[in-house]
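Trainee: Residue-level listing of the chains:
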Amino acid sequence: MASNAAVPFWRAAGMTYISYSNICANLVRNCLKEPYKTEALTREKVHFSISKWTDGKPQKPTIRSDTPEE
Amino acid sequence: MAALRREGRRFATPLISPRPIAAIRSPFLSEEDAPLGVRSISTQIVRNRMKSVKNIQKITKAMKMVAASKLRAIQVKAENSRGLWQPFTALLGDTPTVDAKKNVIVTISSDKGLCGGINSTAVKISKSLHKLNSGPDKENKYVILGEKAKAILVRDSKKDIELIITELQKNPLNYTQVSVLADDILKNVEFDALRIIYSKFHSVVSFLPTMATVLSPELVEREAESGGKLGELDSYEIEGGETKGEILQNLAEFQFSCVMFNAVLENACSEQGARMSAMDSSSRNAGEMLDRLTLTYNRTRQASITTELIEIISGASALEG
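Quick note, the sequences are listed as chains X and D, same order.
Sequential numbering from 1 applies to the first sequence in full-length UniProt numbering.
Sequential numbering from 1 applies to the second sequence in full-length UniProt numbering.
A portion of the hints provided could be inaccurate.
[Unchecked claim] Once the Cα atoms are required to be at most 27 angstroms apart in a straight line, the calculated DSS-like pairs of lysine-lysine come out as: (1) D:112 / D:158; (2) D:64 / X:60; (3) X:60 / D:141; (4) D:187 / X:57; (5) X:60 / D:112; (6) D:131 / X:57; (7) D:159 / X:37; (8) D:102 / X:57; (9) D:187 / D:159; (10) D:244 / D:70; (11) X:57 / D:127; (12) X:52 / D:112; (13) D:158 / X:60; (14) X:52 / D:102; (15) X:57 / D:141; (16) X:60 / D:102; (17) D:138 / X:57; (18) X:45 / D:187; (19) D:138 / D:159; (20) D:158 / X:57; (21) D:64 / D:51; (22) X:60 / D:170; (23) D:170 / X:45; (24) X:52 / D:138; (25) D:64 / D:54; (26) D:244 / X:52.
Keep in mind that the hints were calculated from the coordinates and are not lab data.
Model the full assembly from the supplied sequences, consistent with the hints where possible.
Mentor: In structure tokens:
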């Protein structure tokens, strides 16, 4: 099923559709006017800690967060 | 119990039994009027217990109200998020029985405890799914969300774990967070079928563990050939310059993200609901315990008053007679 058509630029750059739609949503949120803009931006905060396991051993967890670590 | 034992030992040393048997027996002896002159347990101990049980009752009542208010807030979000994946199920169907070589089981649980049995049922179902799907060429891996499932699964399924994700609820749940999470899972794990296990929130007292299935695009192609709902995908016209394979890939990723969002929200609702009912039964039990302790307290108080009266009267009659 190799497609002959060119893949869209973001797919070729390694992004998934999810990251593409998140970036677009961020752009839309930044277009809002002031009081709504800060409300909408608080709805975008990300924080979780993910740790990959290989062979039954955990590796160091990395924290993906928008809030700065203090 | 330790307090009772300490009381017992205080009475045991004046008795001339050096062996620890007296120390062990006297907590039981001190509950009734023992013939060796040991007094009944002091009311101080019962009073302390009553105070601590009352505090526990207050705390669990407060926790129940906090959980109720959090539930109200998050229930609205969960119900709104149901609309995100329903079109996917209408388009692609939900095929829990699909036969996949690489299964990834995503178990969603809570980070905090005191929420009843939802975490253990979710883990039980994931384990049985793992067993159900194991076969000569099949592979099952776990992706774990939440501390509670991590604690249980780390004990016996260490080698099947791919990713563990915690601290999800530090900020209020929103789509961006879950989608970043879904993106990470997609990048790090290869799969033919993703099975997401979470507790679906039906009502405040009923949370049923459910499984949602998301297929990878290659699997969708394969199933499309065998007919059924997926076979009708070809009857849709595709606009724009994309091929069917690409659209399927975009759809599969977006479907995973939406289903995860809904699953995480519903699980959070179920967690708050389960915590409400657990704290409610805990306060009720504390109330019953308090009643029983009050009766014991009154009985011991009256028994000690009677004993004192008997001593005074017998002492007085011994002086006269």
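Trainee: Decide, hint by hint, whether the structure agrees.
Mentor: Structure-based check of all given hints:
About 22 angstroms separates the Cα atoms of residue 112 of chain D and residue 158 of chain D, which keeps this hinted pair within 27 angstroms; it holds. For the suggested pair residue 64 of chain D and residue 60 of chain X, the alpha carbons sit about 36 angstroms apart, so the restraint of at most 27 angstroms is broken. Between residue 60 of chain X and residue 141 of chain D the alpha-carbon distance is near 19 angstroms, which keeps this suggested pair within the 27 angstroms criterion. Proposed proximity of residue 187 of chain D and residue 57 of chain X is supported: the alpha carbons are some 20 angstroms apart, at most 27 angstroms.
For a cut-off of 27 angstroms, the pair hint linking residue 60 of chain X to residue 112 of chain D stands: about 22 angstroms separates their Cα positions. Restraint check: the Cα-Cα separation between residue 131 of chain D and residue 57 of chain X comes to about 22 angstroms, which is no more than 27 angstroms; the hinted pair holds. Simply put, residue 159 of chain D and residue 37 of chain X have alpha-carbon atoms about 45 angstroms apart, too far for the 27 angstroms limit, and the pair is violated. In summary, the hint linking residue 102 of chain D to residue 57 of chain X is supported, as the alpha carbons are separated by about 21 angstroms, within the 27 angstroms threshold.
Distance hint between residue 187 of chain D and residue 159 of chain D is fulfilled; the C-alpha atoms sit about 20 angstroms from each other, no more than 27 angstroms. Among the hinted pairs, residue 244 of chain D with residue 70 of chain D is inconsistent with the structure: their alpha-carbon atoms are about 43 angstroms apart, more than 27 angstroms. Distance restraint check for residue 57 of chain X and residue 127 of chain D: the Cα-Cα separation of roughly 20 angstroms lies within the 27 angstroms cut-off, and the hinted pair is therefore satisfied. Between residue 52 of chain X and residue 112 of chain D the CA atoms are separated by roughly 21 angstroms; this keeps the pair inside 27 angstroms, and the hint holds.
Between residue 158 of chain D and residue 60 of chain X the CA atoms are separated by roughly 16 angstroms; this keeps the pair inside 27 angstroms, and the hint holds. Between residue 52 of chain X and residue 102 of chain D the alpha-carbon distance is near 18 angstroms, which keeps this suggested pair within the 27 angstroms criterion. Proximity of residue 57 of chain X to residue 141 of chain D is assessed by CA-CA distance (about 14 angstroms); at most 27 angstroms being required, the pair is judged to hold. Restraint check for residue 60 of chain X and residue 102 of chain D: satisfied, since their Cα atoms lie roughly 26 angstroms apart, inside the 27 angstroms limit.
The hinted pair formed by residue 138 of chain D and residue 57 of chain X meets the criterion: a straight-line CA distance of about 22 angstroms does not exceed 27 angstroms. Among the hinted pairs, residue 45 of chain X with residue 187 of chain D is consistent with the structure: their alpha-carbon atoms are about 21 angstroms apart, no more than 27 angstroms. Restraint check for residue 138 of chain D and residue 159 of chain D: the C-alpha separation of about 15 angstroms stays at or below 27 angstroms, so the hint holds. Between residue 158 of chain D and residue 57 of chain X the alpha-carbon distance is near 8 angstroms, which keeps this suggested pair within the 27 angstroms criterion.
A distance of roughly 20 angstroms separates the Cα atoms of residue 64 of chain D and residue 51 of chain D; the hinted pair therefore holds under the 27 angstroms criterion. Of the supplied pair hints, the one linking residue 60 of chain X and residue 170 of chain D holds, its CA atoms being roughly 20 angstroms apart against a limit of 27 angstroms. The hinted pair formed by residue 170 of chain D and residue 45 of chain X meets the criterion: a straight-line CA distance of about 10 angstroms does not exceed 27 angstroms. For a cut-off of 27 angstroms, the pair hint linking residue 52 of chain X to residue 138 of chain D stands: about 21 angstroms separates their Cα positions.
A threshold of 27 angstroms between alpha carbons decides the hint, and for residue 64 of chain D with residue 54 of chain D the separation of about 15 angstroms falls inside it, so the pair holds. The straight-line distance between the Cα atoms of residue 244 of chain D and residue 52 of chain X is roughly 33 angstroms, outside the 27 angstroms bound, and the hint therefore fails.
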